Amino acid sequence: MNEVRCELCPRECRIPQGGAGDCRIRVNLGGKLRATTYGRPSAVHIDPMEKKPLYHFYPASRVFSIATAGCNLHCRNCQNWQLSQRGGEEMEQLYHLMPDQVVATAKARDCQSVAYTYSDPIVFYEYVYDTAVLAHEQGLKNVFVTAGYINAAPLRKLCKVLDATNTDLKAFNDEFYRRNCGASLKPVLDALVIFSEEGVWQEVTYLVIPTLNDDMGGIHRMAKWIRSELGEETPLHFSRFQPMYKLRNLPPTTTATLEHARAEAMDAGLQYVYIGNVFGNKATSTYCPRDDSLLIERIGNRIVENRLTEDGRCPVCKLPIPGVW
Amino acid sequence: MEKLLNHSRLRDLRFVVLVLLNLFLISGFLVSGAGGESGPPGGWRRIDLQALQTRIEAGELVDTEASWYHREKTEKAGQGRE
Ligand SMILES: [Zn+2]
Chain X
1 MNEVRCELCP RECRIPQGGA GDCRIRVNLG GKLRATTYGR PSAVHIDPME KKPLYHFYPA
61 SRVFSIATAG CNLHCRNCQN WQLSQRGGEE MEQLYHLMPD QVVATAKARD CQSVAYTYSD
121 PIVFYEYVYD TAVLAHEQGL KNVFVTAGYI NAAPLRKLCK VLDATNTDLK AFNDEFYRRN
181 CGASLKPVLD ALVIFSEEGV WQEVTYLVIP TLNDDMGGIH RMAKWIRSEL GEETPLHFSR
241 FQPMYKLRNL PPTTTATLEH ARAEAMDAGL QYVYIGNVFG NKATSTYCPR DDSLLIERIG
301 NRIVENRLTE DGRCPVCKLP IPGVW
Chain Z
1 MEKLLNHSRL RDLRFVVLVL LNLFLISGFL VSGAGGESGP PGGWRRIDLQ ALQTRIEAGE
61 LVDTEASWYH REKTEKAGQG RE
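Just so you know, the protein sequences line up as chains X and Z, in that order.
Just so we're aligned, residue 1 is where the first sequence starts under the working numbering, counting upward by one.
Just so we're aligned, residue 1 is where the second sequence starts under the working numbering, counting upward by one.
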């Protein structure tokens, strides 16, 4: 007795009294499931929107970004593993920042949005939801940076208070999810479709890891899936892998591989395909899909020039560019 | 003579056990972590409950009730992982 079943993510952990879910921070105390990091983030930063990365959502705006410990994925290449692969009781740093304090601080620091990010905000769902409701009341936008491993019902409820998401699609291959993240692909694809159906502005990130998910056939199939299920206007970011955590044995992704992946995705019909984590690459900028005019010039996470018209059109051919400008 | 024979048999036996133990440990290592994560476990984790409770009592963590769960009425949870 006193066991609980968490229904937040597809793992649906059955947790005995005194145990935690796979995510480490949802704990059964006294026969009730507790969100132990509610209002206790371990990472708090102000970032530019481009760092999420979101390229078609309030460019160059400031985002108040928070994360608590814990994650429901266990990626061998995790860049935030010291945050994501720990429970709250293992953290040195625990800030006291209740939802109203997050919103007040974000506004005081001149941020236009709050981002739930770094680890996977799915696991601190209640904190995200309550903060997002207050943020909306105060005129702030909500940005959800996630791997999308969540059940449909909680996601649909959360979508009502989200404005934008960047979702990691880690591979277009269930075997990769199983071996590299301890998860599975199908729920992630379902989540991408739900974000789209619920009208949340969505961009997708694909981290290209040499030998593990850099097969161009798979990348082409993924891009075709995005085009048919989410739309050709969905921005896709190919990001460069750097050796870390349990994947220190692999080299960084070459620029040639990233450019090849981008060409495959554009060939599959996607209109806005970017390359990230490569300084000075021209594919960090936004171009008009009709006449190839440079629309937003970026160097790293910095915007050099934004040539979009006030209502978000190409200044040359007046094509409306999808996004929230 | 017989005593000497018994002694050497015992030594052989020890050697065989040692070899088998090594093989067992090596195969255990290969099957576990080295091959990476092995799919979506639906399990739970053992945590340092004492540390958690101490930090909740100190106000550094909280016991806010979560959403999206229900109490189980049947069967038992499997073995927890660290
Ligand atoms: Zn144009």
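Hints should not be assumed to be uniformly reliable.
Okay, the calculated beta carbon distance ranges per label pair [stated by the list, open to error]: (1) Z/L23 <-> X/Y95: 47 to 53 Å; (2) Z/L18 <-> X/A152: 30 to 36 Å; (3) Z/R81 <-> X/S228: 37 to 43 Å; (4) X/H96 <-> Z/R81: 29 to 35 Å.
Don't read these hints as lab results, they were simulated from the structure.
None of the values given here were measured: they were computed from a predicted structure.
For each residue, glycine too, the CB sits at the ideal point set by N, CA and C.
Against the structure, the hints come out as follows:
1. Z/L23 <-> X/Y95: 47 to 53 Å: holds, 50 Å
2. Z/L18 <-> X/A152: 30 to 36 Å: Violated: the Cβ-Cβ distance is about 54 Å, outside 30 to 36 Å.
3. Z/R81 <-> X/S228: 37 to 43 Å: About 38 Å separates the Cβ atoms of Z/R81 and X/S228, which means 37 to 43 Å holds.
4. X/H96 <-> Z/R81: 29 to 35 Å: Because 30 Å falls inside the window, the suggested range holds.
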